Amino acid sequence: MKRKKSIQNKIIALLLSSVLTALFISSTLALLNINSMKKSFDNQSEKFEQSTTSYVEDEMIEKTCNQLLILSDSNAAAIDKRFENINRNVDGIVNLAEHIYCNPNIYPDREVDLPQKNNRNLSTQLLWSKSISDNTTDSLTGPLYTVKISNLANIQDLLYETIYTEEILKLANIQDLLYEINYSNDMISSVYIATESGWMIQADYISKNKYSGKKILPDNYEASERPWFINAKNSKPGEIVHTEVFQDIHSKSDCIVCSKAVYKGNVFVGVVGVGSYLDEIYQEVDKTKAVLKNNYSNTGYAFLVDENGKIVVSGATSGETAVIGETNPDLKRSSNSDLRTLAESMQKKESKCTKIKINDKEVFIAYAPLDTLGWSFATVVDAEEILMPANESKERINTLNSDFNKSVGDSQQVIIIEFIIVTIVLFIVFGFLSIKLGKRISEPVQKLTAEVVGTNGKNLDGLIEFDTNDELEDLANAFNNMRLQIKEYIENIKIITKEKERIHTELLVATNIQNDMLPDSSSMLNSSEEFSIYAVAYPAKEVGGDFYDFFFIDQDHLAFIVADVSGKSVPAGLFMVMAKTLIENQLMLGKNPAETFEDVNSALCRNNRNGMFLTAWLGFLELSTGKLDYVNAGHNCPLLYEAESNTYSWLTGVSGFVLAGMEDMTYEQKHMVLKKGDKIFVYSDGVPEANDIKGDMYGNAALELFFSRNSSLNPDSFCGQLKTSLEQFQGEAEQFDDITMLFLEYNGAKNERMVRCSKPRYTGKNTNLTKKIEP
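Using our numbering, the first residue of the sequence shown is number 1, and each one after it goes up by one.
Keep in mind that the hints were calculated from the coordinates and are not lab data.
Note that the structure is a prediction, hence the values are computed from the model and not measured.
Where hints are given, some of them may not hold.
[To be verified] Cβ-Cβ distance ranges computed for the label pairs, FRET-style:
| id | residue 1 | residue 2 | range |
| --- | --- | --- | --- |
| 1 | Asp696 | Trp650 | 18 to 24 angstroms |
| 2 | Asn398 | Gly374 | 47 to 53 angstroms |
| 3 | Asp692 | Lys81 | 20 to 26 angstroms |
| 4 | Lys541 | Met697 | 31 to 37 angstroms |
| 5 | Ile106 | Gly567 | 22 to 28 angstroms |
| 6 | Trp650 | Gly319 | 52 to 58 angstroms |
| 7 | Val291 | Asn105 | 52 to 58 angstroms |
| 8 | Asp91 | Ala701 | 17 to 23 angstroms |
| 9 | Ile106 | Asn234 | 28 to 34 angstroms |
| 10 | Gly567 | Val654 | 22 to 28 angstroms |
| 11 | Gly567 | Asp696 | 22 to 28 angstroms |
All C-beta atoms in this analysis are idealised placements derived from N, C-alpha and C, irrespective of residue type, glycine included.
Given only the sequences and the hints, what does the whole structure look like? Please build it.
Set out below in structure tokens:
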């Protein structure tokens, strides 16, 4: 066997025989490397400078925006909470007033004191409009305001005899609540209720200002002419409205009034109002300016924008966002396009941080909405001040680069001189030898390099042939083996990729098929006046196990269902299709809900080798009467809103066993009657069991709270906002289970005339079906 010679031995032999030639080659390469190193360093220094500066700027911007958003969100939330408390107070007063109007016999007659001229403390007072004064006369002296009374102690008795009505004597029972609400909240300036008939009961600190001149009776107060009264009267029942910001004539402070209409049944009888000083809100703006000055920018400030895009208060002392005198800048009409865009975003109740120009200067602005008022809270800092650290870093890097370049240049000159001297001496003696030895070493290496460089994804079949009898030959053989392995690996990757793409395509087709099987809420909404319905499903995987369905059994009967199959993905989807089809078929054959579940349970139990099951809730609504038959197979209890009593509750009752869980099961059918405006919300367990990143679940309590606050929404808006609430709760957590929601609102029958439906398909206990139709 031929003995191989190592490259190391060849190099040693060459070095021993041509030391002088190696010196010449080394000197030349050193010069080239030094020059290349300098160029490379210059390029890298420039890239480093750019990347470092960009990184520092990005980090500063991201950090600033996050902190500004947190500051804006926290301030907006704090201010919003104040007005939420005021709204709750208004609701409480309205509820008590409506109870008094509807149940006057359970309340005693009470009187409300007149305003006291020298009283500067909190008190409740009785005021009335001019129409009451003009229409009320004393039997001896004429109109009320012309009565001359010598004994002031008899004023209240005279009022009782001449002016008081049963309405004000009963409504006087509300004065203690007005007093307590004003007393417990420093932000509130005045709490009052004004009636459509002209009465007004008020709790405030300015009793002394209710008189003009030397009158013994307070000035008339025309509440019905005030914006807070007019806005509430013209609003929808149950809606709370707010006035624009105005200046209080007594304190000269900015105020805003929150008001809500009072109804006796369906009849408007008055308005409850709560006036609030904005001084504490303005202080929050000033505090924010101080925080910005201490942490970010000497020129930073904050401002509040109302629902119409006008700046209410601003920490800026001049410029486009400053409030000067009584002039409040309107961002929607600003000549600055950035501010107009900002106003549009704020009116959409968006929360974000962005860079814009104000007063021709770049700034960072973060803003967050106040949901109660529709306002936005914004914080502003100077972009130049925020990016100052990045600019300083850039200058320091430039200084270091300059010093290093100078040092490298000096060293390069010394090395060049030394190498030139040595090269001249050695070049003459060993020139010929260096060329010959260089070729012997470099040619095999160059050949191998060329082969390696020429290798790509399309050139893996050729072989590198070397006959050097050393390590280069071993390296060439190893590279040949590597080529073959790479070729085999690429072929395997192609096969695997093709198979994954096929599976993914099949899952997408399955998803589309499953979606097509679920009914479209919009078509049902457009086709019926007796009800409104909306349903939606969000599978956790490509194919889900939850499903909903709703369809007409005949002209007067609507079936609707929500079900949840055990498991997920394709097996659950297939089981879902079978269950959905069986339920619909049984109902269309005329079975009632209980019979339908019993037959479907028996059918699903047969050949159920995988032990799958499903929970389901099925409702059967008679549109002409509102009668609802329903049955529950182990499913979550729906939520019911009753419009007549304005209450909500869980639709509980005996729940049967899950479908496909056990043969020969029976199911109990329940009955109730829906009235106009009643709503029912059916859902799968993916709603209350939605979890956040910590594993905590959304829960029935949160669902019940959401339903109580949003049951007035129409079906699609309700489902959409509930999905948003779930996503906010989940945060970054992945959706674990399928989520399905169905919301139905009963609008009542079309009219009062009833006719018999043709060919009824529902053959439960009540087969004499009727339907209201238009004449």
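Check each numbered hint against the structure and report the violated ones by number, ascending.
Hints 4 and 5 contradicted; others consistent.
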